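Visitor: Sequence:
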Amino acid sequence: MEAKKGMQIKVACVGLREHFWYHVSFSARRKGENERRFFAELRYDPYFHELFVETCTILEEPLCRFRSSCAFCPDDSGILHPSDVEFACGKEGHEKEFFHE
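In UniProt numbering, the protein residues as written are 1 to 101.
Quick caveat, the hints were computed from the structure, so don't treat them as lab data.
Everything numeric in this text was worked out from a predicted model, so none of it was measured.
Mixed in with the good hints there might be a few duds.
Unchecked claim - For each label pair, taking beta carbons as the anchor points, the in silico distance ranges come out as: (1) Gly78 - Asn34: 15 to 23 Å; (2) Gly32 - Asp75: 34 to 42 Å; (3) Pro62 - His19: 29 to 37 Å; (4) Asp76 - Glu50: 24 to 32 Å; (5) Glu33 - Pro62: 13 to 21 Å.
What the hints assert, rightly or not - Derived pair list, reagent style DMTMM-like, types lysine to aspartate or glutamate, alpha-carbon separation capped at 20 Å: (6) Lys10 - Glu35; (7) Lys10 - Glu60; (8) Lys10 - Asp75; (9) Lys10 - Asp76; (10) Lys10 - Glu54; (11) Lys10 - Glu61.
We put the CB at the ideal spot given by N, CA and C, even for glycine.
When you get a sec, could you build the whole thing from the sequences and use the hints?
Guide: Written out as structure tokens, the structure reads:
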């Protein structure tokens, strides 16, 4: 897969339970194929200094059915989110435990 030239990658980050969580929205395509939109959730563990991919999901058309915010991504982030089942951080109630550095 290759990233679309000129495509912005949209990212939001928050701390939760001693880890840093990232929600990422991006588009990519295989050569000769149509572009597809993705949602990825990453978790950085500062103890092990490792970044883990918790989920990476293709968002199928129509994109209007996906919401553009969660408990930590602002409404104007433009990050499209799959259902709550498909990501771990940013669900309702998590905001009480968030920290920022």
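Visitor: So, for every hint listed, does it hold in this structure?
Guide: Hint check results:
1. Gly78 - Asn34: 15 to 23 Å: Once the Cβ atoms are compared, 20 Å apart, the range 15 to 23 Å for Asn34 and Gly78 holds.
2. Gly32 - Asp75: 34 to 42 Å: The hint (34 to 42 Å, Cβ to Cβ) holds, given that Gly32 and Asp75 are roughly 36 Å apart.
3. Pro62 - His19: 29 to 37 Å: 33 Å, holds
4. Asp76 - Glu50: 24 to 32 Å: With Cβ atoms ~31 Å apart, the hint holds.
5. Glu33 - Pro62: 13 to 21 Å: 19 Å, holds
6. Lys10 - Glu35: Since the Cα atoms of Lys10 and Glu35 sit roughly 16 Å apart, the hinted pair holds (cutoff 20 Å).
7. Lys10 - Glu60: With a Cα-Cα distance of about 18 Å, the restraint between Lys10 and Glu60 holds, given a limit of 20 Å.
8. Lys10 - Asp75: 13 Å, holds
9. Lys10 - Asp76: 11 Å, holds
10. Lys10 - Glu54: 17 Å, holds
11. Lys10 - Glu61: Distance of about 19 Å is within 20 Å: holds.
Of the numbered hints stated above, none is contradicted by the structure.
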